[in-house]
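One letter stands for each residue in the lines below.
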Amino acid sequence: MEQIEREVRQFVIDNFLFGEGEAQLSNDDSFLEKGLVDSMGILTLVAFVQDKYAVTVPDEDLVPENWDSVKRIARFVQGKSSVIR
Amino acid sequence: MCGIAGLLNLNGAPAEAERLWQMIRLLGHRGPDDSGIYMDRAVGLAHSRLSIIDISGGHQPMHNGDRSTWITFNGEIFNYIELSKELSSKGHSFSTQSDTEVILKLYEEYGPDCVQHMNGQWAFAIWDTKKKRLFLSRDRLGVRPLFYVTARNSLVFASEIKSLLLHPGIDAVIDLKALAQVFTYWFPLAPRTIFQNIFELPPGHSLIAENGKIDVRRHWQLDYSQIDPTVEVPRAREETYSEELRELLLDATRIRLRADVPVGAYLSGGLDSSIITALTKKFVGSSLCTFSVAFEDRGLDESAYQQEVVRVLGTNHRTIRCTAAEIGETLPEMIWHTECPVLRTAPAPLFLLSKLVRDSGFKVVLTGEGSDEFQGGYDIYKEAKIRAFWAAQLDSKRRPLLLKKLYPYLAGLQRQSPAYLQAFFHVRSGGTSDPFFSHLPRWELTAKSQLFFSAAVRAQLQDRVPYADLQSLLPQDFSRWDVFSRAQYLEGAFLLPGYLLSSQGDRVAMAHSVEGRYPFLDHRVVEFSTRIPPRLKMKVLKEKYLLKLAFGGMVPPSVTQRPKQPYRAPDAICFFNPVNGRPRHPYVGEMLSPELIREYGIFDPGTVLKLIEKVKAGRATSFLDNSALVGIVSTQLIIDQFVVHLREKLSDGANRARSSPVCN
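Listed in order, the protein sequences are those of chains F and W. Going by the working numbering, the letters in the first sequence line up with residues 34 to 118, in that order. Going by the working numbering, the letters in the second sequence line up with residues 823 to 1486, in that order.
These aren't lab readings, by the way, just hints derived from the structure by calculation. We put the beta carbon where it would ideally sit given N, CA and C, even for glycine. Every clue listed holds true.
Simulated crosslink set (DSS-like; lysine-lysine; CA at most 25 Å straight-line):
| hint | chain 1 | residue 1 | chain 2 | residue 2 |
| --- | --- | --- | --- | --- |
| 1 | W | Lys1226 | W | Lys1207 |
| 2 | W | Lys1361 | W | Lys1207 |
| 3 | W | Lys1227 | W | Lys1207 |
| 4 | W | Lys1386 | W | Lys1361 |
| 5 | W | Lys1364 | W | Lys1207 |
| 6 | W | Lys999 | F | Lys67 |
| 7 | W | Lys1432 | F | Lys85 |
| 8 | F | Lys67 | W | Lys1270 |
| 9 | F | Lys67 | W | Lys1432 |
| 10 | W | Lys953 | W | Lys912 |
| 11 | W | Lys1386 | W | Lys1227 |
| 12 | W | Lys1432 | W | Lys1270 |
| 13 | W | Lys999 | W | Lys1270 |
| 14 | W | Lys1270 | W | Lys1438 |
| 15 | W | Lys1226 | W | Lys1361 |
| 16 | W | Lys1219 | W | Lys1361 |
| 17 | W | Lys1386 | W | Lys1226 |
| 18 | F | Lys85 | W | Lys1438 |
| 19 | F | Lys67 | W | Lys1226 |
| 20 | W | Lys1364 | W | Lys1227 |
| 21 | W | Lys1386 | W | Lys1370 |
| 22 | W | Lys1270 | F | Lys104 |
| 23 | W | Lys1207 | W | Lys1219 |
| 24 | F | Lys104 | W | Lys1432 |
Short derived list, chain W residues pointing at chain F, Cβ under 8 Å:
| hint | residue |
| --- | --- |
| 25 | Lys1270 |
| 26 | Ser1444 |
| 27 | Phe1445 |
Model the full assembly from the supplied sequences, consistent with the hints where possible.
Structure, rendered in structure tokens:
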């Protein structure tokens, strides 16, 4: 779980924060409230998660509860992976 | 169509002829056919001419009968024939057939109110030797440009900023507030330009310099205060509106064909330019030439629609097919003309298109510009309507689907859940009362590109209240207008002149001595459009309902029935090859190098580097990544050309104007 959080966090910093102000991003921060992602941004995150953790993401899973913070994504990935296993 | 320049020394010091020649030579691309200057002690006027009307008699600067008023004029007064008859009946006599002389006589008759009688697109300066008054004016909608500056006791003006920079005491210094506006709205809010202390005379304004004072006043205002959004229009009345629109646009086109040289038309494949082409064809006949842009990228290309219009209307058609590499290659030269950073590359293909027009022997083109703004065409109007509709019933399952349907070409939207759509489109209850309701999602998204500003720049900008700059420029009763009227005003009064008619209009067309004429921007058509009930412009979610009713029979059904597609060009891939991640052109690597980013000081080298990595890896897919990249490259080019290497560029420009056409 911690490792997933670390990897997702790094991806978000590199792709949406562009390395700027990374100290200010907590793993609970809402991407929407921080204005970090637009519609393509969400899909970029989805593509990253699908490739990296070999999970599939059906459209009904595309909701802020799963994708709107580093922690939520990690939890989502964890849940998906345990289902597969 | 031409370039104008001039100055008034407020302290009475004599004007220098050589300075005037330098200023006007730099605008040689705007008027390669002839040039001239006029001097009266502390005053100088200069002109470079693109001869279109009265080719032998229209030399400028021009004077009236007793040589008491002199004019330098860029543009066209399309109703000059009617005005000349009226003025003749009042006892005026004319020694030329030109519209320029008509302005002089109108000014004699009405003074600064002369502009109220004019139907056209203009930027001019009149020197009234009797009143010792310098009178500058710009057309209602901002088709033709006019910039000015006051420095060292002088008022200096010109069609383009570069000419002002020749004047001692005037330096190009980036205005950070203007830069933040570009990185929010896409353009600086007039009178601001991207350079400190250099101003644009706003559309619909005149400037009078007299008795040592400078007075800028509005002569025309776009006004939606009479609109009642709830008015239902019975079918029979629809036909009355449709008839009036048909007559007005036909006449607007007719008088825009007044020229002593052949006139062509731009054809995008969309409804507006097809209507203008069809109307033009009525007057010009089978010899009409049309021009269009095509793209490699099939998602952007509209050739199939263009070909269909050409087939049905029967025009002589020429197309320029733009590659991403060419667009990238064009950018530095294009920026020298736009004189402002851009967040999209869309002006570049039009820069290349105007060269094709010029090389084909044309100086004048009619286009469909100005229809989306005033006839209910833009997606942003529909988007605002859908957002308001959804906000009224937030738990609706069906209402969010309308947003996906609105943007079929935005792949990113199609998979989104209602919760995300609600967040991206700012859908919340009671939100429509915000004066900027329609535009907030767009501006907030665009403003994210300010993330790349350096810490020093951000520190200087931090005290700004968002949108206060724009708020101060709105009509008094703006907040009482309905959402649709407000959105139309924001497009028509700001984006149209600030970006579409300038960076994407006059500047890229005049770079190759091509004049655009816009029947949809005839003020009679625009004023009529402000009285059309909103429900006739956009019936439920059918855009341009009345326009289609009025002209549907004149254009192929493929055009009226096709989904609306905004004009877009490829962005990030113009600068980096997506296959190997290499910069496509040497200047890209240079402008984006950490050293130059640091030296020019506007952007943060570290964050820019991350963006470049994303672009190189082909992951820069979002609107934000693309806008930011184009914005950064073009801002660096502005600084490089206008601040750091200005002297070289100015001497290049003057020499080039003398010898050969701008582009090779």
